[in-house]
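Visitor: Letter by letter, the chains look like this.
2 protein chains.
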Amino acid sequence: MGNVDYDDYPCSGMNVDESVHGVAIPPPQPFLKSMKYSMKETFFPDDPLRRFKNQPASKKLVLGLQYFFPIFEWAPSYTFQFLKSDLIAGITIASLAIPQGISYAKLANLPPILGLYSSFIPPLIYAMMGSSRDLAVGTVAVGSLLMGSMLANEVNPTQNPKLFLHLAFTATFFAGLLQASLGLFRLGFIVDFLSHAAIVGFMGGAATVVCLQQLKSILGLEHFTHAADIVSVMRSVFTQTHQWRWESAVLGFCFIFFLLVTRYFSKKQPKFFWVSAMTPLASVILGSLLVYFTHAEHHGVQVIGELKKGLNPPSLTDLVFVSPYMTTAIKTGLIVGIIALAEGIAVGRSFAMYKNYHIDGNKEMIAIGTMNIVGSFTSCYLTTGPFSRSAVNYNAGCKTAASNIVMSIAVMLTLLFLTPLFYYTPLVVLAAIIVSAMLGLIDYEAAIHLWKIDKFDFFVCISAYMGVVFGSVEIGLVIAVAISVLRILLFVARPRTFVLGNIPNSVIYRNIEHYPNANRISGILILKIDAPIYFANASYLRERISRWIDEEEDRIKDTGETILNYVILDMSAVGNIDTSGISMLEEAKKMVERREQQLVLVNPGSEVMKKLNKSSFQKDVEGNWIYLTVEDAVRACNFACKTNPKRDESEGWNNV
Amino acid sequence: MGNVDYDDYPCSGMNVDESVHGVAIPPPQPFLKSMKYSMKETFFPDDPLRRFKNQPASKKLVLGLQYFFPIFEWAPSYTFQFLKSDLIAGITIASLAIPQGISYAKLANLPPILGLYSSFIPPLIYAMMGSSRDLAVGTVAVGSLLMGSMLANEVNPTQNPKLFLHLAFTATFFAGLLQASLGLFRLGFIVDFLSHAAIVGFMGGAATVVCLQQLKSILGLEHFTHAADIVSVMRSVFTQTHQWRWESAVLGFCFIFFLLVTRYFSKKQPKFFWVSAMTPLASVILGSLLVYFTHAEHHGVQVIGELKKGLNPPSLTDLVFVSPYMTTAIKTGLIVGIIALAEGIAVGRSFAMYKNYHIDGNKEMIAIGTMNIVGSFTSCYLTTGPFSRSAVNYNAGCKTAASNIVMSIAVMLTLLFLTPLFYYTPLVVLAAIIVSAMLGLIDYEAAIHLWKIDKFDFFVCISAYMGVVFGSVEIGLVIAVAISVLRILLFVARPRTFVLGNIPNSVIYRNIEHYPNANRISGILILKIDAPIYFANASYLRERISRWIDEEEDRIKDTGETILNYVILDMSAVGNIDTSGISMLEEAKKMVERREQQLVLVNPGSEVMKKLNKSSFQKDVEGNWIYLTVEDAVRACNFACKTNPKRDESEGWNNV
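Chains as they are written, first to last, in the UniProt record's numbering: chain W, 1 to 656; chain B, 1 to 656.
Don't read these hints as lab results, they were simulated from the structure.
Check before you lean on any hint, since a few could be wrong.
Any copy, or any two copies together, can satisfy a pair, since identical chains are not distinguished.
Said to hold, decoys possible - The calculated DSSO-like cross-link candidates involving lysine-lysine, where the alpha carbons are at most 27 Å apart (straight line), are: (1) K455 x K53; (2) K589 x K614; (3) K331 x K363; (4) K614 x K33; (5) K308 x K40; (6) K399 x K589; (7) K309 x K53; (8) K271 x K162; (9) K455 x K590; (10) K308 x K84; (11) K60 x K162; (12) K452 x K53; (13) K309 x K355; (14) K355 x K36; (15) K268 x K363; (16) K36 x K53; (17) K84 x K268; (18) K355 x K455; (19) K59 x K589; (20) K452 x K590.
The model shown is predicted, which means the values in this text are computed figures rather than measured ones.
All chains should be built: construct the whole structure from the sequences, respecting the hints.
Guide: As structure tokens, this is what we get:
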């Protein structure tokens, strides 16, 4: 029984060993077995093969098919009720997809028709392969802008539109290839390194930049900077004040107002979600009629013009695999691929959480990747699961990925029969649709939440925002990832250490700063190390431990207590250690002994114990000064102290 | 008293609260105060201002002067005894410094005389500013090779030797600037990111490469590749077999044998350390005499030739600050600066540990940086504290940095009067000196030690070695740092979680794999998370926790125990958490509740508790399901379970 207060025992008569728990040396594990375990945890944390266990071969085949094509899982149990719901949701998102598709294609410096193409083929692929029931597939504003601006650095989209288009297909192909490979090789955790805070800042920044870009269409400007940062855009806007067209601007602000009011209304009254979902299409129709009847296209209001009728032409042969363009396409593809993936997976996960079902990140990556690869062969550019469209899908009551099929069919019909209707659609309406969608992405509430809970996360968020707005989308992304990773490294490089004290009337020892009622034990300094001990923090910890001892000795000198005899290191939170860490412990031990004190370790975990056992540390301490709990260690120290008041005489003493 | 077995209490009659310890919400800290604390821990972990506290202004001035110029600390108490020891040590290291200096300068494609210049001025600076008593300053093989090969990528040293020389000064200047700034801005911890394992592999690889390079001199080849990798060197050697000079080769291998034998002898008999220290100079004298009398310089044995008499000429005006060369110089300077710093600091720390005194990393950086900046103005190139020379210094019994002054004076006398004596020194002797020094750097024993204790560290080491040998020194360095950092990131991205069980007859709960005698508690799953919860691992942990519950439920089904009612998360080792981590906990709670179970947290640290308190998590659980120890949590669960056997009815229940 370890449940005794050590004060109950007269020190000299106490047989410490009876109640003290030793630290076990973990059973040795063959190298290959532990390696296999780490590999599994790293790449298969979700254990996807679990359901395949103990199944006949035919069942395994079906399960495998269902794994890659979830449609085989849900289609057999598809009901008429589901169809009704999916039909409504599909039509709703199609009415949003058509104007958004056209708008975003313009954002990427691509022909508007590509936006429609991209809402036809990819949703079909996703409906078969995707595991989310709520994700609505389509192009995204940030991805479009990023792709457009990165490719424009290499090829001028106005001077060489054909090459630019082909590069866009190629970049989409590589984006898809990356996404699918990440999923196949189970490297999905790379996406996790984009922290939530970084994404909030990055998305907000990108939305701001996209809004600013719309000033071109809203003010009816002919020439505009290709750069996306706020300084260039503002210079471009204010050096051309004489070119501003008031007709266009008035129209633009009216539509933005209209869109925002309906969105606000729908937010207040969730059952009227369809009002805000339909508004973009209504705006397009309204705008087109207005231009048609007033002939505003001759008065400074730019219109879309002719859209080619017909379905997606094949584009497999358009892919560019020659340098120097291919390098640009690969670079662009990798960056936009990761960004699109992060958005798609985050959106999928959020809605899965609302509806309590599970989404497999790696499977999603394969689905999104495949839809982009196939898309790049059929004149589509980068698609993923945009938040706005998926939210509408969810609100419209979609039940399965079949709503994507419905949307796809609606877009197909538009492509086949309705494209001429968009001739008179004013660009300014498209700009208004983008602005109103983007304003929703500037999530200042999330930023405030970050500030409240974690200042560092807020710093990451605001840096990403500033990086995007004042630099470029890539700079913002690099800053966000770099700061996030730096934080992890700093956490490991500067682990917290703190002094533990005994909580009155218990055997519990806790941080004395957190629990001010915890009492220090006289003559013993108890330290807790709060992180793994690695090369990156080994020398810091050595210095910090030495400083703790200095400070404790100063304190003791001031209060006139007994001298410091023992330094206890609580290793409960030390999850792992490397060879530098082992050396650090050996050095710390020497340092403590030089001060005529004894170093005591408490509760090293299995990894730590295994390595200590192999090193010379274990031999040095003769296995005696390692205990399972702080309480045991304190009792052993007190016992040793009382039986041998002059500790230097008791060197090599064993508490047998 | 928390020291009671819960079985002693009849569940229904027990007032849980009496013996259960609540988790305190840490006292609120003003943002600025906690920010100041983190900053201090990050940049001033050694608390350098501690000694300045409560001192009069004049004393503060003296202390400040002593801080930057430790010579003011030790010089006043310098004794004649010290002088005697330092004199012997200084002369010994000078006898090593002269041939090594000449050899390493050739390794850097620089005029041999620079090696002597670099052993004159920098040691004087270090003697004033350095805090190590054992470091002997001079040029280093790896740094010389790295600098020579990086600069040779930009400027051909044989075609344009003058520009090459000026670039070397410029690179040295930037290296010094970087080193001094790292020290001044207290960023010394950057050096810690070069792990011991990485340095062992990197140094071994560099030593191998340097040895291979010596085949040029040993075989007497005129033309040789500038690349340093093993493939290029071997190709260069074996395509010129008809150019091999046997005279040179025989001489070379004789001297290598001589040097190795004396070193082996000195190692066995430490008091004859001076034998191996003097051998290089003896070899130079022997070799020169041999050539002088046999006129071997006409028979394929290359000699140094003329060395300019006189002290270092100023080189301040030689520094190159024009592009494109400046970029190369900066890049080279940064990389060799970091490498040199890592070696100098590691060497200084090791000897300080032997002699039990303290070295301040940041102060050392300022000293090493200043000596390189001043060096670049006085025709010196990159210097640091090489291991071999410092070891000889230590063995020769040096007492203070004054031994550097003695060496400096000896080198000065050589420069003034003895340079003509080196005319006939054969290059092959210098090559032999380098080879014998480098063979000592290939630390295969350390590699075996790494393999035994930590396989991953061994992997880092061997990757760095391979990178240097088959790629280049830079590639090896990048690989080593990248893998080391990746390991930290992987540790955070894939933290260990394990099931805790109760150790019989105690209130202790430990990992059931580490302690096979620990018992699971029926109906309760106790998990411990072994790392901070960050964005990088939040989704992994969510999935892993869900899998643990699945596995536990499967196990329960097999054994027919009671159903799983509680999931306890032991947060003792969770040192920190960010907003993604808080969201993860919220999601995990929802997930657990969906399974009609209750999530219980145990012992969240102060950082975690602070953030939980600000988030909605705390409100959700109503502050009830957080306990200070696992034991408390288990008792509370058992109590709740027995009083309310159907747990779903007890929702919102408070254990007041």
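Visitor: If you check each hint against the structure, which ones fail?
Guide: 1, 5, 7, 8, 10, 11, 12, 13, 14, 15, 18 and 19
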